[in-house]
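Chemist: Here is what each chain is made of, one letter per residue.
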Amino acid sequence: MKDALRRMIRANKLSLVSLIVIFLLILFSILAPWLTPYGEADMDLMHRLSPPSAEHLLGTDEAGRDVLTRLLYGSRVSLMVGIVPTLLSMVIGAVLGVTAGYLGGAVDSIIMRLADIVLAFPSMLLAMVIMYTLGDGLFNVFLTLTLMNWGTVARIARAETLKLKTIDYVEAARSIGMSKGRIIMRHILPNCIPTLIVLFTLNVPSAILTESALSFLGLGIQPPSASWGLMVNTGRQYLFNAPWLSFAPSGAIMLAVLSFNFLGDGLRDAIDPRLRRR
Amino acid sequence: MKRLLQAVLVLLLVSLALFVMLRIVPGNPVAVLMGEHANEATIERLTAELGLDQPIHVQFFRYLGGAIRGDFGTSYSLGKPVSQLMGAAFVNTLLLALAAALFAWIVGGLCGLLAAIRKNSIPDRLFMGFSLLGISMPVFMVAMILQYVFGYWLHWLPISGVSDWRSFILPAIALGWNSAGSIARLVRSTLADTLEDDYIDTARAKGLSETAVIWRHALRNTMLPTVTMMALQLSGLLSGAVITETVFSINGIGRLAVQAINGRDIPLLQGTVLFATALVIFGNLIADLLYKVLDPRTRREVKE
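Protein chains in written order, with this note's numbering: chain A, 1 to 278; chain B, 279 to 582.
Among the clues, some could well be false.
As the list claims (entries may be wrong) - The list that follows gives simulated cross-link-like pairs (lysine-lysine, DSS-like), each with its CA atoms no further than 27 Å apart:
{"no.": "1", "chain 1": "A", "residue 1": "Lys180", "chain 2": "A", "residue 2": "Lys165"}
{"no.": "2", "chain 1": "B", "residue 1": "Lys397", "chain 2": "A", "residue 2": "Lys13"}
{"no.": "3", "chain 1": "A", "residue 1": "Lys163", "chain 2": "A", "residue 2": "Lys180"}
{"no.": "4", "chain 1": "B", "residue 1": "Lys570", "chain 2": "B", "residue 2": "Lys280"}
{"no.": "5", "chain 1": "A", "residue 1": "Lys163", "chain 2": "B", "residue 2": "Lys280"}
{"no.": "6", "chain 1": "A", "residue 1": "Lys163", "chain 2": "B", "residue 2": "Lys484"}
{"no.": "7", "chain 1": "B", "residue 1": "Lys280", "chain 2": "B", "residue 2": "Lys397"}
Derived from the structure by calculation, the hints contain no laboratory data.
My request is simple: use the sequences and hints to build the entire structure.
Modeler: Structure follows, in structure tokens:
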């Protein structure tokens with residue numbers, strides 16, 4: 001892993017830059033209260049919709065709240081939504097995919113048909129239906145994104161397992177009577193991890209984009225909590241007289257997504273070029 | 279034939295999953311619909327009329343039977359047959375998706391082509407950086423930038439609504455933007471690979487100009503994966519259409535689905551999502567078959 005990281009950085013300077021940007025984004029979201037003199041919900045009705053200035057670097061919104069401050073606090077939700085459900089779906093997808101691949105038979109068919117169902121829907125519409133069923137709010141956004149994304153992971157983990165299954169040392173482990181569970185945990189899963197790490201970096205941006213799209217439509221995060229997508233949703237009403245309200249959070253989404261994409265690209269080339277698919 | 283059966287099976291499972299998901303929403307939809315002041319008797323009568331008092335499997339088979347005949351029930355919130363609403367909306371979504379695909383193909387293809395010919399040159403780096411930027415922009419961001427620049431600032435094109443063909447230009451660019459980025463990257467990598475093949479050397483050796491080599495020989499083989507990719511991106515296009523149609527106020531399938539959710543309109547939501555998913559499933563099936571027709575050669579080995 002360390003080797004791969006070094007290789008990536010040597011081959012691709014941009015991925016190093018994006019790694020730094022991601023690190024800074026996470027740092028800023030943690031340090032938000034110390035970075036800004038304003039509170040998340042501090043209203044200033046005398047200065048509504050004021051354009052970017054020295055006091056308000058990115059202007060203020062319809063209630064006179066500082067946009068940069070909201071952006072910093074919003075990044076907590078948006079980054080968490082990118083990372084937590086993606087991690088959960090990786091774990092679930094990897095376990096199901098490896099199990100399906102290793103056991104084969106009926107278990108394999110059932111798991112893979114489930115994955116087929118999830119992957120058949122246009123992702124946005126599936127997200128909307130699940131959100132409708134669960135109701136809105138942060139926790140349900142987590143659940144929705146997890147339910148949506150495990151399918152791809154399962155497919156890739158299964159393919160990887162089918163390959164690993166025939167390799168000599170796995171045969172050897174089986175012949176000395178190691179249990180299936182142990183073989184999966186000790187030999188199969190650890191070997192899938194590099195592929196899964198690449199997949200993780202490439203799935204985080206799509207989770208961020210899905211959350212922002214859901215919140216943009218008013219189906220995701222609900223006020224008073226702020227996410228970047230939700231800020232665009234409210235800002236859109238003022239697109240022509242206060243464009244910074246929608247463009248600042250859009251830009252933040254783009255920056256985060258772009259960094260993860262660059263990093264994912266770099267990691268993939270360094271670790272697992274076979275995953276090159278888009 | 280086996281592929282077709284598989285597609286039908288997946289579609290069946292999808293409709294079952296969708297049906298179950300929408301039925302486990304807590305609360306009687308009729309009661310929600312009627313609001314707080316409805317009396318018990320009316321709610322009961324309507325529930326029976328809509329068949330919602332039947333066991334869930336009876337409801338499902340009734341729905342499936344109707345759907346096969348093109349009857350998706352009646353929209354709660356708009357009071358019209360769902361099939362009729364979807365028919366009108368589908369035309370708009372189809373036009374939008376086709377225009378977006380066209381944009382993505384032309385712009386993405388050209389950028390990828392120019393980048394591949396001069397690999398690692400400045401235009402190459404520029405185009406590839408730009409394409410990654412394209413992939414990373416949320417659809418609504420592209421849409422709003424276009425609205426702001428070409429609608430509000432320059433007054434060149436309508437900001438929203440559908441009046442004539444010009445109303446489709448901005449939405450099509452917004453929707454096709456991401457695909458253009460992916461296509462540019464795909465064309466660049468396949469074309470660059472193809473240009474290293476032996477038969478290209480042969481074509482060059484017999485004295486063909488570089489333009490002829492690229493247009494007549496290399497590009498043909500690059501088009502193949504692009505065709506499949508376009509079909510595979512149908513799913514993404516429909517997802518993006520939800521946002522694009524909402525931003526530009528176009529009455530399409532995606533906007534209908536959003537309206538259905540806001541109106542807590544289960545038949546409409548179920549109909550639109552099922553319809554869009556069926557489109558994707560059969561789109562992928564056709565892409566699969568098309569690839570076999572277009573590429574009768576044994577597949578070249580993938581370069582590692």
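Chemist: Each of the hints needs a verdict: does it hold here or not?
Modeler: Structure-based check of each hint:
1. A:Lys180 - A:Lys165: 11 Å, holds
2. B:Lys397 - A:Lys13: 18 Å, holds
3. A:Lys163 - A:Lys180: 16 Å, holds
4. B:Lys570 - B:Lys280: 15 Å, holds
5. A:Lys163 - B:Lys280: This hinted pair holds, its Cα atoms lying about 25 Å apart.
6. A:Lys163 - B:Lys484: 44 Å, violated
7. B:Lys280 - B:Lys397: Answer violated: B:Lys280 to B:Lys397 is near 42 Å, above 27 Å.
Of the numbered hints given earlier, the model fails hints 6 and 7; all others are met.
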